[in-house]
Structure formats: structure tokens, C-alpha cells
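S.K.: Residue numbers (the numbering used here), protein chains in the order written: chain S, 3 to 490; chain G, 2 to 438.
For the record, the hints were derived by calculation from the structure and aren't laboratory data. Fair warning: there could be bad hints in the mix.
So the derived list for chain S, only partly shown, Cβ under 8 Å to chain G, looks like this [as the list claims (entries may be wrong)]: (1) 73; (2) 99; (3) 197.
PhoX-like cross-link-like pairs, simulated, lysine-lysine; straight-line CA separation at most 25 Å [as the list claims (entries may be wrong)]: (4) G:412 <-> S:16; (5) G:80 <-> G:166; (6) S:403 <-> S:339; (7) S:77 <-> G:72; (8) G:72 <-> G:54; (9) G:187 <-> G:145; (10) S:77 <-> G:412; (11) G:145 <-> G:169; (12) G:222 <-> G:54; (13) S:31 <-> G:54; (14) S:140 <-> S:31; (15) G:169 <-> G:124.
Residues on chain S that point at chain G, a partial pick, calculated with CB under 7 Å [said to hold, decoys possible]: (16) 53; (17) 56; (18) 72; (19) 90; (20) 92; (21) 95; (22) 96; (23) 102; (24) 103; (25) 183; (26) 194.
Values in this document were obtained by computation on a predicted structure and should not be read as measured data. Glycine residues also receive a C-beta, built at the ideal position from the N, C-alpha and C atoms.
Here's the letter readout for the chains.
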Amino acid sequence: MTQAYYTLAVHPEKCNGCGECEIACAKVKADSTDVAHSRIKMLRNFTDNFFGPVVCMQCGEPTCVKSCPANALTKDPDTGVVQWHEERCVTCTICTLGCPYSGIYYNPVTSHVMKCDHCGGDPACVKVCKTGALEYMKNSDLYKEQSPLEDLFAPGLAGCMGCNTELMIRHVLRHVGPDTVLAAPPGCVPGQCVVGMNGECGCKVPSFHPLLTNTASMLAGIRRYYKRKGRDVTCLALAGDGGAADVGFQSLSGAAERGEEILFVVIDNEGYMNTGMQRSSTTPLGSWTSTTPVGPALQGKPREAKYMPLIMLMHSCEYVATASMAYPIDFHEKIEKAYQASKRGFAYVHVFSPCTTGWRFPGDMNIAVQRKAVETNYFPLWEYERSKDKLVFTYPVDEPKPLESYLSVIGKFRHLSKDQINQLREQAIKRMSVLQRIAELGLSSAGTKEQLLVAGEGEFKVADVDVSGVEWGGMPKSHSKSVKSGSN
Amino acid sequence: METKYLIIGSSHAGLSAADEIRINDPDGGLTMVSMEDCLPYSPTVLPYIVSGKVDADEIRLRDEQYFADEKISFLKGKKVVKIDAQASKVTLDDGAEIGYEKILIATGSEPTLPPIPGLKESKYHVLRTMEDAQGINKAAEQAKTAVILGTGLVGMHAAEGLAEKGLKVEVIRGRRPAVLPNYFDKTSMQMIHKVFLDHGIGCNLDNQVASIEPGEGEKAKVILKNGNAIDADMLVVGTGVRSRMDFFVNGAPQMEEGILVDDMMRTSVGNVWAAGDVAQAVDFFSEKKELNAILPDAFEQGKIAGMSMSGDLKAVEAVPGLGKQEGFFYNGGVSMNTFNFFGNRSFAVGLSLVEDGGEYVIHVASDADRCFYQKFVFKGNCLVGAIGINSSLDPGVIMNLIRRKVDMKDKVEDFINDPQNVSRRIMWETWRGVAKI
């Protein structure tokens with residue numbers, strides 16, 4: 003298994019030549035402001051506006067390591083950092099002859115070679131870079147954690163080219179593991195994945211196809227059954243927006259209200275894609291779909307989408323979150339929380355999953371489209387944990403890009419009028435305002451300067467009311483005698 | 002015994018090949034034979050053993066755990082006496098025979114002696130093995146004076162090392178009246194020469210040895226051609242090396258100065274590969290096969306040999322031209338060296354010896370007082386050679402510009418004016434695939 007390591011990423015196009023990185027490095031490494039000691043070097047004096055630091059890239063197959071005749075350079079197997087060992091170095095400088103990228107150089111002040119070592123895992127240069135030209139990427143932790151786990155879907159599934167759903171269901175099921183019963187209501191998930199082909203199932207855990215209407219109730223029954231038998235089985239739904247927000251909403255709402263111990267993941271591709279791109283209640287205003295086409299009578303869907311995550315928030319769920327595969331660390335953190343929460347109550351994760359076929363954009367752009375949705379605050383990433391009773395933006399976007407930058411890349415929005423775009427924008431603003439207010443004030447709004455809209459404590463005294471004479475419309479009087487106050 | 006892969010030699014080429022074989026074939030029987038009874042080391046480090054900078058134990062390239070982890074059977078202290086290339090069998094000096102499926106000759110080179118009368122009879126030192134280095138150090142404990150034959154890398158490094166120990170050192174050239182003549186041109190060579198002289202090391206380039214009179218123990222009297230004599234408490238010879246390949250019987254592969262190899266390090270014998278100082282592979286510039294006995298070439302050739310031996314290049318071999326194009330195959334030896342002396346740094350890469358004129362354009366910046374020298378040799382818009390003494394250039398960046406035949410187009414002048422920044426930028430943009438140049 004290949005290793006993955008933290009990376010010091012360099013974006014020279016963002017560099018403004020301030021040189022703070024060099025000073026920070028010299029300070030940390032040599033307690034000096036003389037940038038001769040800096041392991042990261044600015045490039046300067048160009049006629050075009052290019053700066054850009056250069057620094058050791060901790061190569062996967064470091065030539066410097068192989069070049070060293072004294073074994074004074076080694077690649078650390080845990081961190082991936084190419085370490086220089088002063089005690090063995092003979093300053094032959096053959097390492098500098100091997101490095102193509104000026105990652106290791108001779109320091110004339112100390113008379114030694116020197117190179118970046120990531121400051122042991124907390125690079126000083128990254129901390130002082132204001133433009134984001136230097137970034138310390140820790141994505142490898144996710145890879146190390148998830149890659150040893152088994153992908154519980156079979157290979158070779160028949161998703162459309164660039165399908166995000168196939169990607170995310172693999173991630174979800176790998177994460178929650180094999181002690182799972184999977185419910186996949188009709189849609190893309192069973193259609194391309196679980197059903198498999200040639201008589202073999204595409205899924206390696208027990209799975210079934212509920213009707214589009216009753217996913218949550220069926221899972222509820224299964225969960226309760228196993229619990230009664232003394233087994234903790236994860237009951238996972240991978241439902242489309244149709245099976246969650248439309249015809250499946252009834253059973254979903256009921257199960258959430260009852261606090262059934264289910265992990266309900268909704269794959270929102272904003273339509274019934276599997277059956278030919280029909281509109282659903284999560285299809286945005288103006289979208290082209292096969293049932294809301296664009297022509298003289300109609301300019302795409304005339305109604306706004308409903309925002310399921312907030313609706314589910316009001317069900318007293320154990321956990322509610324929105325997620326996107328384009329932010330995999332955030333995604334997995336949420337799946338983990340949802341998984342844990344599903345042992346105690348209802349966990350709902352709403353995943354934004356653009357459809358290359360139904361929305362019409364190139365197959366290699368799915369992640370980019372998701373990023374645009376998040377960066378415009380069209381699909382904000384947040385979570386609510388009942389234990390903390392707080393709604394938190396897990397990926398706050400303080401300077402959102404204009405909504406047009408998201409709408410422009412998607413074919414189903416190609417015909418949008420200025421009015422439709424403004425309407426979409428207003429709806430996004432409304433969503434964000436409500437979410438922000440809940441985030442700021444909390445669901446209970448206690449202890450804030452806002453006036454309490456529900457009165458505080460009052461007196462609770464059970465009244466002694468005789469309802470024997472009450473007429474129960476249409477019912478025989480004799481029956482009414484059996485009604486006592488307090489019984490139901 | 003029988004083994005699938007047999008590697009003779011345990012320095013850079015051999016170890017690099019072993020690593021590569023194990024990437025592609027984790028289980029195939031792999032045996033490594035070394036004539037020295039110790040853990041692997043690089044001959045390049047030996048001058049620093051002489052100078053006392055590092056100890057023999059500190060600088061081992063691999064430890065016992067490596068051989069255990071990689072399932073390599075390491076036979077140390079065994080010398081190869083003969084290789085029967087037809088029978089695919091090796092005989093060691095203890096009589097053991099090893100049958101192999103594929104063999105890599107990575108035996109490096111051994112020192113040669115100049116044909117000076119009396120030399121063989123003297124108790125001279127060479128510097129090619131750890132034992133040699135330790136022998137020099139032992140002799141230097143008692144010696145007050147030393148004579149070094151040879152002004153190449155070995156001779157000059159030894160001179161510095163012994164001078165630092167307090168000996169009075171006299172260096173006498175070999176065939177050519179020059180210091181490091183293979184790498185440094187006239188001007189840069191003179192600068193280096195001067196530094197040695199300023200540090201009290203005798204190095205009159207007119208002196209040539211006529212004969213040597215062995216004395217008591219390590220002592221010797223070196224008689225020069227002009228009649229003068231120099232008394233030495235110890236003698237060190239560093240006048241050249243030749244490939245160690247005299248063990249083939251029955252169907253030896255083709256050899257010239259070294260064992261001839263193609264660009265996958267294969268010899269003319271189907272299951273015999275060669276890599277490192279022993280191999281004679283294509284030269285980057287002349288496109289003829291030449292020896293290029295430098296460390297970076299050793300591990301690169303070793304790697305390619307390992308890939309070829311373990312079948313990793315089969316897919317690439319099947320498509321004519323692909324290997325060369327994609328860089329899997331050896332793309333030719335380039336001369337490249339660093340030479341650091343008395344606190345000064347220098348490097349020479351590519352066609353560094355070219356003097357002005359013809360198809361080459363030379364750019365030189367030189368300041369003898371500061372011992373600074375910078376030379377670039379251009380062919381068209383491509384850099385083909387460079388020398389730096391105490392320059393702030395990155396040798397590796399310069400070397401890669403040469404190796405990758407980077408066409409600098411209209412940036413040549415910018416490069417000459419600010420080679421450090423411009424060369425770094427070119428290489429960085431090349432890596433990022435957005436070569437702006």
C-alpha cells in the first residue's frame with residue numbers, strides 16, 4: 003500500500019514576493035533574520051510579475067537521498083519528510099547536484115547544506131503567508147484512515163461517466179463498514195450499483211429495495227428487530243431526493259419524529275434521474291427537466307425547491323448535516339458523526355450530488371461543480387448535533403462568489419433569465435439568513451438579547467374537570483361516560 | 002546454491018538495482034555478493050574517512066535489517082573468482098558455486114598503477130576501499146611527509162586530507178600537467194591549484210616521476226625526471242582506475258574499457274547486466290559508449306538494470322522508441338562532479354572543458370581574488386556545460402537544464418544576467434508542467 007504524507011503546497015501565482023516566509027524560516031531554523039538561512043527561497047527580479055517561492059518537495063523518490071555517499075539523507079517512512087542528518091554529512095554537496103528543484107542548497111554561513119523539514123509538522127512559513135501561496139495539506143490523514151478499509155461495493159458498476167453518486171456511496175459504505183443493512187429505494191443507487199449485473203449483486207452487505215415510499219419505515223422495522231435480538235446492525239439508507247423529499251417524505255418524517263435509529267443518507271441530484279430526469283421537489287427554480295422543459299409555455303421549473311435539511315432539523319433528530327464529496331475530510335467527519343448518532347437516534351445527511359447526465363455538464367467536472375455550489379453559498383455545508391444543540395457551518399465561506407459562477411457551468415440552467423437568476427439568489431439568501439440566525443442564536447434562543455417568543459415558567463396544576471356531559475359528536479351518550487379526563 | 006537474481010557488488014549500482022528488483026519482484030531469490038567483509042558503503046565517502054570527518058561505522062548505506070526486510074541474501078567477504086557466462090554460474094574464492102538466472106555486474110573499478118619503475122615494490126597506498134582509507138589513516142599517524150601521485154579527484158582529496166592532519170604533502174601529476182583536467186578548464190583549474198598551493202601543499206605541475214626507490218617500511222624516495230628527489234614517509238597513488246571485470250570465462254560479454262551495455266544496461270549476453278563504474282554505456286553528448294564513473298550514474302544505471310532484470314520494462318520494450326521517449330531507458334551519461342576543497346565549493350557538469358569558438362558560445366564570469374568562477378557553455382539556446390567555483394548556483398538545477406535539453410529561447414540573456422533566479426524558475430515551471438519559456 004502506498005503511503006500518503008502531509009504536503010507543503012506552493013501556489014506561486016498567489017505569491018506577492020513579500021518574503022515573510024524566508025524571514026520566518028531563518029528565525030525558526032537559525033534564530034536569525036538573515037535569509038541566507040532560509041530553506042525556502044523567493045525567486046525575484048523578473049520583468050513579468052512572477053515571484054514564487056521554491057522549496058524542497060520531499061520527493062517520493064528523492065534523488066538527493068540516492069546521491070548521498072554517507073547515508074546522511076533519509077526519507078522518513080512516517081512523515082515522508084526527507085531528513086538531513088548533520089552528524090553523517092560530509093558536505094560533498096552531491097545532493098545539490100541531484101536535486102532538480104533547488105530543494106537542498108549549501109548555506110555559506112553555516113558551511114552546511116540545508117533543506118526544508120516541514121518544521122517537524124508545523125511549517126513556520128505557512129503561518130506567515132497572507133496570500134495563501136503556501137498551504138500545509140493534511141489530506142493524507144483521510145487517505146491513511148480510509149484506504150485500508152474494504153470498498154463494499156463491487157467494481158465495475160454502471161454509473162454514468164462522471165457520476166458523483168457512485169463515488170460517494172462507495173465512500174459512505176466503506177466508512178460505516180460491513181455490519182450494515184442497506185436500503186436503496188428505486189433510483190440510481192439500486193439501478194447502477196446495488197442491483198449489479200449478470201445475476202450478481204453489486205453490494206457486499208445485505209441490501210434490499212424498499213418501495214420509493216417506505217424506505218424509513220422498513221429500515222425502522224429491521225433496526226428494531228435486530229436490537230430485540232441483541233445485535234447492533236447499522237441501518238443505512240441511500241435514498242435519492244425523490245425517495246426522501248417527495249414520495250418517501252411521509253415515512254422519513256415519521257421515522258425521524260419517532261427517533262428511529264437509522265442513518266439516512268440522501269443523495270440529492272435534484273431530480274428523478276434514473277427514470278429520465280423528471281423534476282422533484284428539490285429541483286431548483288428554472289431547471290430544465292423532462293417534466294419541466296424549456297419552450298414557449300415553460301422556462302424550466304416554475305417553483306422553488308424545498309430545503310430538506312432545515313425541515314429535518316425541526317424533527318428533533320440526533321444529527322442533521324449537509325455534505326459534499328468535494329470536501330472529503332468534512333464529508334467523512336460527518337458520516338462518522340452520523341454513524342455514531344444513528345446508534346442513539348435518527349441521523350440525516352443530505353449530500354449534494356450533481357448529475358452529469360441530468361444537469362448536462364462534462365463528465366470530468368463534477369467535483370468542480372460541487373465546489374462552485376459551496377463557494378457561492380448555494381449549498382452551504384453545516385451540521386447540527388443534538389447533544390450540542392448547535393448548528394455549525396463546517397466550511398464557512400466568508401466571501402462567496404456570485405451565484406452566476408455556479409449556474410453558468412451547468413447545462414440545465416443555460417436558458418435562465420435575469421429574473422430567474424435573481425429569484426434563485428434570493429432563495430439562497432433566505433436559506434443562508436435562516437441558517438445563520440439559527441447558528442448564531444441556537445435553536446433554543448435562550449440567554450440572548452432577542453425577546454423570548456415562548457413565555458417562561460408558569461404554574462402547572464392539573465384541573466379537576468368533569469367531562470361526563472360532553473357531547474362527542476355522533477357518539478352514543480353511554481360511551482361518553484367512559485371518557486375521563488387525562489386518558490387518551 | 003541457486004538464485005534467481007545475483008548481484009555482484011554492494012555499492013550504489015548494486016543497491017539501487019536490488020531496491021528496484023524488490024519493487025517489482027518481492028519474492029524472487031535475490032543474492033548480493035561483496036568482496037569486502039562489511040556493510041555497504043560508498044567509495045565516494047572515503048576521502049572523508051581520510052580527513053577524519055566521519056567514521057567508518059557512521060556512513061554505511063544499509064544495515065543488516067535492510068537485508069532481512071528485503072529478503073536479500075547478502076554474502077559479504079566473498080570474492081568472485083570466475084563467472085561462467087555460458088553455464089550461468091559464479092565461483093567464489095571459498096569454492097562455493099552460485100547458479101543464477103540473471104546476474105548484475107556492479108563491481109565498480111579498481112585502481113591502476115602507472116608504469117613507474119620501483120612503484121610496485123614500494124609500500125604504496127591507494128584509495129578505493131575502506132581498508133585503503135584506514136590504511137592511509139594508520140600510516141598518517143606516524144608520517145610527517147607524503148607524496149601523492151595523481152592530480153585527479155582521489156589525489157586532490159587525499160592531499161587535502163593529509164595536509165589537514167599536519168603532513169607536508171607533495172602532489173605530482175600523472176599524464177597531464179593539470180589539476181582535475183577532466184572537469185575544470187584552464188582558468189578554473191588554476192584557481193583550484195592556487196588554493197592548494199596557498200595551503201602549503203606542494204604541487205609543481207612540471208614535476209614528473211621517473212622512478213621510485215622504496216625505503217624502510219612505508220618510506221620511499223621519489224625521483225623526478227629533472228633529477229630532483231623527494232623523500233616521503235608515505236606514498237599514495239591516485240592516477241586512475243579501470244573497470245573490475247576480469248572474471249569471465251566462457252562467453253564473456255563484449256567489453257572495451259568497461260562492460261558494454263545498451264540503454265537498459267543489458268550486455269551482449271542475454272542474462273547478464275552491468276551497471277555503475279564497471280559499465281560502459283552511451284554518452285549523452287557523443288552518443289558513443291563511454292565510461293562515466295560517477296555516483297549519480299551508478300544509482301541511475303542500477304535502477305534501470307533492476308527494472309530490466311525484473312521484467313518491469315517489458316511493456317515499454319515492446320513499443321519501439323517509447324522507452325527513450327518516456328525516460329525509462331538510460332538517456333546517456335553526463336559528466337557531473339562536485340569538488341569542495343578547503344572551504345571552497347565547485348562543480349562541473351556537461352561539456353565544461355569547451356573553449357570558445359565553433360558551434361559553442363561561452364559565457365564566463367571570473368574573479369580570481371575571490372576565487373569565484375562561473376562558466377556557461379551554450380549550443381544554440383541550450384546549455385551544454387557549466388563550471389562554478391564558489392558560485393551560488395544550484396548544481397542540480399544547472400545539470401537538469403543540460404540533461405533535459407531545455408531550449409531557453411529568448412531567455413538566454415536573462416539567464417546569463419541572473420542565472421540563479423532564472424534557472425530556478427525554469428526548472429520549477431518545467432515541473433509544474435506550465436513551462437512558460
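S.K.: Decide, hint by hint, whether the structure agrees.
M.R.: Here's how the hints hold up against the structure:
| no. | hint | result |
| --- | --- | --- |
| 1 | 73 | holds, 5 Å |
| 2 | 99 | holds, 4 Å |
| 3 | 197 | violated, 36 Å |
| 4 | G:412 <-> S:16 | holds, 23 Å |
| 5 | G:80 <-> G:166 | violated, 33 Å |
| 6 | S:403 <-> S:339 | violated, 29 Å |
| 7 | S:77 <-> G:72 | holds, 21 Å |
| 8 | G:72 <-> G:54 | violated, 33 Å |
| 9 | G:187 <-> G:145 | violated, 32 Å |
| 10 | S:77 <-> G:412 | violated, 35 Å |
| 11 | G:145 <-> G:169 | holds, 6 Å |
| 12 | G:222 <-> G:54 | violated, 30 Å |
| 13 | S:31 <-> G:54 | holds, 24 Å |
| 14 | S:140 <-> S:31 | holds, 23 Å |
| 15 | G:169 <-> G:124 | holds, 18 Å |
| 16 | 53 | violated, 10 Å |
| 17 | 56 | holds, 5 Å |
| 18 | 72 | holds, 4 Å |
| 19 | 90 | holds, 5 Å |
| 20 | 92 | holds, 4 Å |
| 21 | 95 | holds, 5 Å |
| 22 | 96 | holds, 6 Å |
| 23 | 102 | holds, 4 Å |
| 24 | 103 | holds, 6 Å |
| 25 | 183 | violated, 39 Å |
| 26 | 194 | violated, 32 Å |
In summary, the structure is inconsistent with hints 3, 5, 6, 8, 9, 10, 12, 16, 25, 26 from the numbered list given earlier, while agreeing with the others.
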